[in-house]
Amino acid sequence: MIRRRTVLAAGVSVMAAPAILRAQDAQKLTFYYPIAVGGPLQTIMDSYCKAFQQESGIAVEPVYAGDYSQTLIKALAAIKAGTGPQFAVLLAAEMHSLQDQDILVSLDEIGLDADGKKWIAGFYPAFMANSHADGKTWSIPFQRSTAIFYYNKAAFQDSDLAAEKFPTTWVELAKVAEKLTKRDASGRVTRWGIKMAGDLGNAQWTFGALANQAEQKLMNQAGTEVYFNQPKTIDAMAFWRGLTTEHHASPEGVSNWGDLTPDFLQGNAAIIQFTTGGLPNFRAKATFPFGVAGLAGKDSPHTVVGGGNLYFFKNAAPAERAAALRFARWISAPERAADWSIKTGYIATSPAAYDTQALKEYIAKYPDANVARTFLPVATGELSVHENQRVYKVLTDNIQACLNGNKTPAKAMSDTQSEADRILKPYKKA
Amino acid sequence: MRRETIHAWLLLLPALVLLLAFTHWPAIATLIDSFYATPHGSRSPPFAGLDNYVGLTQDPVFWQALRNNAWYAVATIPTSIVLALLMALAVNEALPGRAILRMAYFLPTMLPMIAVANIWMFFYTPDYGLFDRIMAVFGGGRHNWLGDASTALPAMIAVAVWKEAGFFMIFYLAALQTMPTDLREAASLEGSSRWNYFQRVTLPLLMPTTLFVSVNAVINAFRVIDHIVVMTRGGPDNATTLLLYYIYEAGFRFWDTATAATATVVLLTIMALAAVLQFGVIGKRVHYR
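If you read the sequences in order, they're chains V and F.
In terms of the numbering used here, the first sequence opens at residue 2 and continues consecutively.
In terms of the numbering used here, the second sequence opens at residue 52 and continues consecutively.
In isolation and in its complexed conformation, chain V is listed as follows (with noise of 0.2 Å):
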């Protein structure tokens, strides 16, 4: 007779089978990675992981988890379950908001020799600059992109503007602006100059790029301080808000990024800040000549980075932590990289693959696809601190507020701030 306990056991044994054998040999590796931009991403990512399979005999399953959100969503659910993949590609501004959820593991700890060290190092800073916390690496960048303008040329041209000097400062643009929106006999603006999203998800990003223009840093590297009342920070803000209420360059209320595609192609807005990955579609659809310039800024251009990076989750066994790591770095290795900045639109993650022959040909054919790398210099990181989301609907919802007149620049900065800080409390330590 089977008695309940042997039933048990062997239940038990044959669930805890498949971790013991995950555990001794990592031959299959499971991966979300979102998709943001247009163009047959999926295939590009399949023949990637089956390029790695034939190499080095793991088989990487990439799972399309939809845009950046869902996949943060899918990826923590399925953890939770304990089933989760190994590794991910996530916003690389989630960086402390993940560590809040205590699943990451750090390339440190996974494991890096001199050869993986020069490997990180290896990276544009920019890109790495929401990567560090607690004096370890968390992840590595994989899809990234900088805010660029988009400008039409012909509209600069019917405005007797040079179309070949760009603005670089804050005055210079708000002038530009100024004369590029348009209006017909009734008053009624046929062309704004400018246009900047301000929705939910994209507005921190915006405002991300004008803090930094005016120089000023938005948090701390720990991720437990912000500094939203600062006197830059509300300068930027009131650039902002003064492209509408002084200049009348860009139109009251807020803007969705969205809109911006179709504003731009319809020629209802003349300059429009974007990101890097938005560059194929213009080029296939524009019927004007249009040019891509980095953010003015308040003195100097400034500009701020965004997209995804590659994380490695804690739930993964040593085995696979190290075959999942083994794969963000043939995936990240120059030919690779500059091979999915030209399908894609991101900008490749390496110097180095800016030095493959791939890249030098389309870069010498698309000048415009490297006008974005040029500014990696003056770019910044991401706002990223704890409870990310949280901190962005505030200031989002305050920027909103700003921009609908309800609140001064000032007001709703220092309102930003003090339900920041009251929202960071927790994770300030003392």
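One or more of the hints may lead you astray.
From chain F, some residues computed to sit far from chain V (all C-beta separations above 12 Å) [stated by the list, open to error]:
hint : residue
1    : Ile79
2    : Ala209
3    : Gln329
To give an idea of the chain F side of the interface with chain V (calculated C-beta under 10 Å), a few residues [stated by the list, open to error]:
hint : residue
4    : Thr176
5    : Asp178
6    : Gly192
7    : Asn195
8    : Leu197
9    : Asp199
10   : Gly285
11   : Pro287
12   : Asn289
13   : Glu300
14   : Phe303
15   : Arg304
List of simulated lysine to aspartate or glutamate pairs, DMTMM-like, C-alpha gap at most 25 Å [to be verified]:
hint : chain 1 : residue 1 : chain 2 : residue 2
16   : V       : Lys412    : F       : Asp110
17   : V       : Lys183    : V       : Asp161
18   : V       : Lys286    : V       : Asp369
19   : V       : Lys183    : F       : Asp183
20   : V       : Lys75     : F       : Asp277
21   : V       : Lys180    : F       : Asp183
22   : V       : Lys361    : V       : Glu165
23   : V       : Lys315    : V       : Glu62
24   : V       : Lys154    : V       : Glu173
25   : V       : Lys286    : V       : Asp159
26   : V       : Lys426    : F       : Asp102
27   : V       : Lys183    : V       : Glu253
28   : V       : Lys429    : F       : Asp110
29   : V       : Lys166    : V       : Glu247
30   : V       : Lys429    : F       : Asp102
31   : V       : Lys299    : V       : Glu253
32   : V       : Lys426    : F       : Asp110
33   : V       : Lys51     : V       : Glu336
34   : V       : Lys429    : V       : Asp135
Hints are computed from structural coordinates only; laboratory data are not their basis.
We put the beta carbon where it would ideally sit given N, CA and C, even for glycine.
Based on the hints, put chain F in the right spot on chain V.
Below, chain F without anything else, positioned relative to chain V:
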């Protein structure tokens, strides 16, 4: 126990199990969770008593979500019901092209809310969207319908009414179709005016339908937020944050499951009160044939 009783329970069992597993148990679990703090990592959450509820009352965004939702409900429920009734009365008459008109009224219901939201996003686009173009013909200026805190919520309400009225119309239409014609003949023999007939005969006979429709309208006012997610994500500055969207953000954007559970309990309480009110007070005045 009698055999019939056992049979009855057995027949009820499948539905009961599903109801308990997917409706009642989650509701009870939510109530329990609302008394615990949000778990971090693998640690089990500490008991928090009423802390979560106190925290909720101190969150201005929560109150704004409640206020927004109240306005949203007050605006969408009566408007969509009255509109549905008017549309049903219109297409109940014998007029040419009736089938096409009926379909036109019902079309919004057949479209998924996500698609509707995307279509309306175009309508609301400033400068070159449908509404701004139409208004430009009459000399109107630019409207940032979704990006302006004062117009965003009314814009959401319009989408909801447009989407819902057609659905409710179908129920009214079905009720009107089953209404015996001899009532109308009798009324006209008595010399009753159309308005009098509508007020004294049609409307009372439609009361069961009205109750059903209004229950649905109340539920939808708190349940359907797809258009919010697609069009405004609660913005600008929380102008379109409804209660369920607030819960979604707390739960899945901030991973603050305690606040999400607590706000869910509040939502459930509101829904329960609405149901009691509707069935208890209005239900008594409904005459079922």
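Going through the hints against the structure:
Look at isoleucine 79 of chain F: its CB is around 21 Å from the nearest CB on chain V, clear of 12 Å, so calling it non-interface holds up. Taking the minimum C-beta to C-beta distance to chain V, about 18 Å, the non-interface status of alanine 209 of chain F holds against the 12 Å cut. Distance check for glutamine 329 of chain F against chain V: the nearest CB is about 34 Å away, which clears 12 Å, and the non-interface claim stands. At a threshold of 10 Å, the smallest CB-CB gap from threonine 176 of chain F to chain V is about 6 Å, leaving the interface hint in force.
A least Cβ separation of about 5 Å between aspartate 178 of chain F and chain V falls short of the 10 Å threshold, and the interface hint therefore holds. For glycine 192 of chain F, the shortest C-beta to C-beta distance to chain V is roughly 6 Å, which falls under 10 Å, so the interface hint holds. Annotation: asparagine 195 of chain F was flagged as interfacial toward chain V, and the flag holds, the nearest CB pair being 4 Å apart, inside 10 Å. For the restraint placing leucine 197 of chain F at the interface with chain V, the shortest Cβ-Cβ distance is roughly 7 Å, inside the 10 Å limit, so the hint holds.
Interface hint at aspartate 199 of chain F: satisfied, since its Cβ lies 4 Å from the closest Cβ of chain V, which is below the 10 Å cut-off. Nearest Cβ of chain V to the Cβ of glycine 285 of chain F: about 7 Å, under the 10 Å cut. The hint holds. With a cut of 10 Å, the hint placing proline 287 of chain F at the interface with chain V holds, because the nearest CB-to-CB distance is about 4 Å. Interface restraint check: asparagine 289 of chain F against chain V, minimum CB-CB distance 6 Å, threshold 10 Å, status holds.
The closest approach between the C-beta of glutamate 300 of chain F and any C-beta of chain V is roughly 7 Å, which is under the 10 Å cut-off, so the hint is satisfied. At a threshold of 10 Å, the smallest CB-CB gap from phenylalanine 303 of chain F to chain V is about 6 Å, leaving the interface hint in force. Restraint check, arginine 304 of chain F versus chain V: the minimum CB separation of about 5 Å is within 10 Å; hint holds. A C-alpha spacing of about 19 Å is found between lysine 412 of chain V and aspartate 110 of chain F, which places the hinted pair at or below 25 Å, so the restraint holds.
For the proposed pair lysine 183 of chain V and aspartate 161 of chain V, the alpha carbon gap of about 12 Å is at most 25 Å, so the pair holds. Between lysine 286 of chain V and aspartate 369 of chain V the CA atoms are separated by roughly 15 Å; this keeps the pair inside 25 Å, and the hint holds. Distance restraint check for lysine 183 of chain V and aspartate 183 of chain F: the Cα-Cα separation of roughly 17 Å lies within the 25 Å cut-off, and the hinted pair is therefore satisfied. Taking the CA atoms of lysine 75 of chain V and aspartate 277 of chain F, the gap is about 19 Å. The hint holds against a cut of 25 Å.
Taking the CA atoms of lysine 180 of chain V and aspartate 183 of chain F, the gap is about 24 Å. The hint holds against a cut of 25 Å. At roughly 23 Å between alpha-carbon atoms, lysine 361 of chain V and glutamate 165 of chain V fall within 25 Å of each other, so this suggested pair holds. Only pairs whose Cα atoms come within 25 Å are accepted, and lysine 315 of chain V paired with glutamate 62 of chain V is accepted, the gap being roughly 18 Å. For the suggested pair lysine 154 of chain V and glutamate 173 of chain V, the alpha carbons sit about 17 Å apart, so the restraint of at most 25 Å is met.
With a C-alpha separation of about 21 Å, the suggested pairing of lysine 286 of chain V with aspartate 159 of chain V holds against the 25 Å cut-off. Under the criterion of a C-alpha separation no larger than 25 Å, the hint pairing lysine 426 of chain V with aspartate 102 of chain F is consistent with the structure, at around 17 Å. For the given pair, lysine 183 of chain V sits about 15 Å from glutamate 253 of chain V by alpha-carbon distance, which is consistent with the 25 Å threshold. Proximity of lysine 429 of chain V to aspartate 110 of chain F is assessed by CA-CA distance (about 21 Å); at most 25 Å being required, the pair is judged to hold.
For the hint linking lysine 166 of chain V to glutamate 247 of chain V, the alpha-carbon distance of about 24 Å falls within 25 Å, and the restraint holds. Using a Cα cut-off of 25 Å, the hinted pair lysine 429 of chain V and aspartate 102 of chain F holds, with the two alpha carbons roughly 21 Å apart. Under the criterion of a C-alpha separation no larger than 25 Å, the hint pairing lysine 299 of chain V with glutamate 253 of chain V is consistent with the structure, at around 22 Å. A C-alpha spacing of about 16 Å is found between lysine 426 of chain V and aspartate 110 of chain F, which places the hinted pair at or below 25 Å, so the restraint holds.
With a CA separation close to 16 Å, the supplied pair lysine 51 of chain V and glutamate 336 of chain V stays within the 25 Å bound. Using a Cα cut-off of 25 Å, the hinted pair lysine 429 of chain V and aspartate 135 of chain V holds, with the two alpha carbons roughly 14 Å apart.
Going down the numbered hints, you'll see the structure goes against none, and every one checks out.
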